[in-house]
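Chemist: Listed here are the chains, written in short residue letters.
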Amino acid sequence: MPKDSHRHPRPGFVLEVDRSTPPILFHHGEGFRLEKLPAGRSRVIYPGEPLDGLANPDAAIRDALENPLGDSEPLSALLRPDMKLTIAFDDISLPLPPMRRPDIRQRVIEAVLDAAAAAGLDDVHLIAALALHRRMTEDELRHAVGDRVYDAFAPSGNLYNLDAEDPDQMVVVGETDQGEVVQINRRAAESDLVVYVNLNLVAMDGGWKSTATGLSGYPALRHHHNPATMLRSRSFMDRPRSELHHSNWRQGRVLRDAGIRIFQIETTVNNNTFGYDGPLAMLQKREWEWTGRDRALFMAMQAGLGRMSKRARRQVFAQWRAPYELTSVQAGEVEAVHEQTTENVMRQQLVPVEGQTDVLTMGLPYICPYNVNSIMNPVLVACLGLGYFFNLYRGRPLVREGGVLIMSHPTPWDFHPVHHPSYIDFFEQVLAETTDPVEMSQKYEQQFAEDEWYRHLYRTSYAYHGVHPFYMWYWCAHALDHLGAVIVVGGDARAVRRMGFRPATTFQDALEMASDVVGSRPSVTHFHNPPLLMAEVRCASRRGPCAVALARSPAPSAARPSGSGPRRSCAGPSSRCARPASPQPSSRRRRPVARAPTSTPTGPGGRRAGWRARRSSRR
Amino acid sequence: MRPAVAALARPERTGLDRLDDLEGPAIFVANHHSHIDTPLLVTSIPTPWRRELVVGAAADYFFATRVTSAVSALAIGAIPIERSKVGRRSADLAAELIGDGWSFMVFPEGGRSPDGWGQPFRGGAAYLAIRQQVPVVPVHLAGTGRILRKGRTTPTPSRTTVTFGSPLRPRQGESSRRFGGRLEQAVAELSDEASTDWWQARRRAHAGRTPSLYGPDASSWRRQWSLGDRRPGARRARRRWPAV
Numbered sequence: 006m007p008k009d010s011h012r013h014p015r016p017g018f019v020l021e022v023d024r025s026t027p028p029i030l031f032h033h034g035e036g037f038r039l040e041k042l043p044a045g046r047s048r049v050i051y052p053g054e055p056l057d058g059l060a061n062p063d064a065a066i067r068d069a070l071e072n073p074l075g076d077s078e079p080l081s082a083l084l085r086p087d088m089k090l091t092i093a094f095d096d097i098s099l100p101l102p103p104m105r106r107p108d109i110r111q112r113v114i115e116a117v118l119d120a121a122a123a124a125g126l127d128d129v130h131l132i133a134a135l136a137l138h139r140r141m142t143e144d145e146l147r148h149a150v151g152d153r154v155y156d157a158f159a160p161s162g163n164l165y166n167l168d169a170e171d172p173d174q175m176v177v178v179g180e181t182d183q184g185e186v187v188q189i190n191r192r193a194a195e196s197d198l199v200v201y202v203n204l205n206l207v208a209m210d211g212g213w214k215s216t217a218t219g220l221s222g223y224p225a226l227r228h229h230h231n232p233a234t235m236l237r238s239r240s241f242m243d244r245p246r247s248e249l250h251h252s253n254w255r256q257g258r259v260l261r262d263a264g265i266r267i268f269q270i271e272t273t274v275n276n277n278t279f280g281y282d283g284p285l286a287m288l289q290k291r292e293w294e295w296t297g298r299d300r301a302l303f304m305a306m307q308a309g310l311g312r313m314s315k316r317a318r319r320q321v322f323a324q325w326r327a328p329y330e331l332t333s334v335q336a337g338e339v340e341a342v343h344e345q346t347t348e349n350v351m352r353q354q355l356v357p358v359e360g361q362t363d364v365l366t367m368g369l370p371y372i373c374p375y376n377v378n379s380i381m382n383p384v385l386v387a388c389l390g391l392g393y394f395f396n397l398y399r400g401r402p403l404v405r406e407g408g409v410l411i412m413s414h415p416t417p418w419d420f421h422p423v424h425h426p427s428y429i430d431f432f433e434q435v436l437a438e439t440t441d442p443v444e445m446s447q448k449y450e451q452q453f454a455e456d457e458w459y460r461h462l463y464r465t466s467y468a469y470h471g472v473h474p475f476y477m478w479y480w481c482a483h484a485l486d487h488l489g490a491v492i493v494v495g496g497d498a499r500a501v502r503r504m505g506f507r508p509a510t511t512f513q514d515a516l517e518m519a520s521d522v523v524g525s526r527p528s529v530t531h532f533h534n535p536p537l538l539m540a541e542v543r544c545a546s547r548r549g550p551c552a553v554a555l556a557r558s559p560a561p562s563a564a565r566p567s568g569s570g571p572r573r574s575c576a577g578p579s580s581r582c583a584r585p586a587s588p589q590p591s592s593r594r595r596r597p598v599a600r601a602p603t604s605t606p607t608g609p610g611g612r613r614a615g616w617r618a619r620r621s622s623r624r
Numbered sequence: 294m295r296p297a298v299a300a301l302a303r304p305e306r307t308g309l310d311r312l313d314d315l316e317g318p319a320i321f322v323a324n325h326h327s328h329i330d331t332p333l334l335v336t337s338i339p340t341p342w343r344r345e346l347v348v349g350a351a352a353d354y355f356f357a358t359r360v361t362s363a364v365s366a367l368a369i370g371a372i373p374i375e376r377s378k379v380g381r382r383s384a385d386l387a388a389e390l391i392g393d394g395w396s397f398m399v400f401p402e403g404g405r406s407p408d409g410w411g412q413p414f415r416g417g418a419a420y421l422a423i424r425q426q427v428p429v430v431p432v433h434l435a436g437t438g439r440i441l442r443k444g445r446t447t448p449t450p451s452r453t454t455v456t457f458g459s460p461l462r463p464r465q466g467e468s469s470r471r472f473g474g475r476l477e478q479a480v481a482e483l484s485d486e487a488s489t490d491w492w493q494a495r496r497r498a499h500a501g502r503t504p505s506l507y508g509p510d511a512s513s514w515r516r517q518w519s520l521g522d523r524r525p526g527a528r529r530a531r532r533r534w535p536a537v
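One line per chain: the protein sequences are A and B, in this order.
With the working numbering as the guide, the letters of the first sequence map in order to residues 6 to 624.
With the working numbering as the guide, the letters of the second sequence map in order to residues 294 to 537.
Don't read these hints as lab results, they were simulated from the structure.
Every residue gets a Cβ at the ideal spot worked out from N, C-alpha and C, and that includes glycine.
Treat the hints loosely; a few may be bogus.
A partial selection of chain A residues facing chain B, derived with a Cβ cut-off under 8 Å [as the list claims (entries may be wrong)]:
no. : residue
1   : Arg106
2   : Pro107
3   : Gly125
4   : Val154
5   : Tyr449
A few chain B residues that don't get close to chain A, going by computed Cβ distances all over 12 Å [to be verified]:
no. : residue
6   : Val298
7   : Ala363
8   : Ile372
9   : Arg382
10  : Trp410
11  : Thr449
Build the full structure now, drawing on both the sequences and the hints.
Modeler: In structure tokens, the structure reads:
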């Protein structure tokens, strides 16, 4: 769609599939599938069209710095010539895909540095807030902060990646009232001012999570990156109901009480992931609006990709730079800034959806936060589908408890040996024995986290930390607990089975397999993502998120046995909270009577065919 | 033109990201040391503006005869700009083209540097920007003085740097003299950025200590001496061993 015609972006919506609905696009790793969804009982959730970007991003950034939110003073008033200033910024995992130059971080950092130069500051450090992610390469740093900033600070050693395993670089600041250790980079702790430059792609990003997670290491992260926290985060994209964020907020307040002054800058981007008129423009259009050119391009792309090697396909997709546009920028006190940022993220991404579904389908793209310029290994496939996409909801999960998730991805048994060395051992050793996040955390996590070889690779090479694959699996904990079965279409069967999921060759096979779990003629919902969307799941008969479900589970008890996740079914009749399995029949065709999905186990898999059942069957 | 420029000037282009938010016609102004400046800048300006670009060239030099006029107009899209006599014709022509959506490129110093240092900017570019309400992109060219400086006829290949600055817009009620001063200051800051780094340049700019484009107010030999590596005949010493 040409940019000029994009003045009134349409919000996201839910399409009821009928016989005239064209095949629906599924991302499938470095490729795509077009699948026909069952008419009459399927729906597709489409993201909103890209909001208009700010006309003058640099002016908006300067304005935000001088008009901060909360009880913060303007940035220029906080800067003194003799002070220590540390600027921390988000790493390579944001945004996805990486955006075209100039990156928003570059714009913001240049504005901050310009203010620092005006104040006559000498002592300035810039830190890529990696936590336990891999170090960024020079090219990646240059892309994030720009050549000007890189050339000015990197040669003198004042721009660097965080090393969370360097005892001299990290310091423990204290503990929260719940015994959570709070650790942060020493330079940040000793600075007179820390400016954190954030890029909020989804609602999970930002807030105290930036500093409390991004600038800390394993001793602090293990308090919230664990199965119990993930099971109590419903979802971790919804901060008020995310135990992950509650823990980060507690840690952040310890940082604040310790006298570490933080000036938070958060930015949001629109949904312009694939461009309005480039070669991938059709990916952010609705299928029935594809022009002849779009169809021809898509067919040519499919044909071309089909003839390429895996490596070539990866290289082609890795070169894509998203033309994201800045939609808002907020600066000032952390919590006040984050509240407004989250609203702006929701403004772009939130789509109201009536009721849950029996079967949720999603096509997984080629990229997730941990495989930028790398390989999407099976663990990351699971993390993207069950961790990120499954949790992109507010209120209740899109799929009912005991329902089925169908993901489409090639799921290759393939690992990047430099970036993901511990993933290889995790996949071969840990997942071969158990897929239970609780069990693996107790039995293996510490061993991987303290492995000297992994530490060495994390510190000196470009490897993710040894414990990182565990965290990826923990992020699936809520979905694994909630779902009756996970089916992967078009994946490597061995790799899929290793993770306890079911492989299916075609989408129709997957639907047949799903009906074994949720009954025949299940309702199907396709999550048309990316561009990103977040579902606000409401009771079918009410407006707004399910009030009963929200009231019943504000903060599930930490004492609840892990794996028996909180039941969050609405207390009302199931027909009120869950979308009918089959919509009312049209007047022209006979349809079976609408069936309300129940929470009763059905089929051989049963409703609670979570990881525990799979683990025992494998044994 | 591009291969010839690439062979002669080997340009490194920086700061193009600063034009990301620029839309519509603009005026590009740069310092001027050499005849290679025009083709270098024409080939460095990004495509949206390069496609519709006219170059302001000295009427008394490039348009002195019919042959030179034709060559200048056809080869680089030049239009005549009077620099030795006062008249409205040049300004009206340039303003009309800008109004039609063409971008305009000019060297406000009015001619090539005689000694490697800059000369005061004339007010034409600032006047046009105010009259047509278009942004001005300051550009700094470094190293071109070594290629084809004033008084030489044979080019000598050398490395060059083209640094684009952030577009400047005339403020409400700003005079062309004052705006011209801001343009000159912007080019001086880019010169500082090219010779040190962005952070040092910003700090000096805010402290009002940006080195002047004109060089020291001293005798000619001291001005030459102060040029250092920028001296027309100077070559950077090649490091034969890695720094330890």
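Chemist: Decide, hint by hint, whether the structure agrees.
Modeler: Going down the list of hints, with the structure as the test:
no., hint, in the structure
1, Arg106, "5 Å, holds"
2, Pro107, "4 Å, holds"
3, Gly125, "7 Å, holds"
4, Val154, "7 Å, holds"
5, Tyr449, "45 Å, violated"
6, Val298, "21 Å, holds"
7, Ala363, "39 Å, holds"
8, Ile372, "31 Å, holds"
9, Arg382, "36 Å, holds"
10, Trp410, "25 Å, holds"
11, Thr449, "27 Å, holds"
When held up to the earlier numbered hints, the structure conflicts with hint 5 and nothing else.
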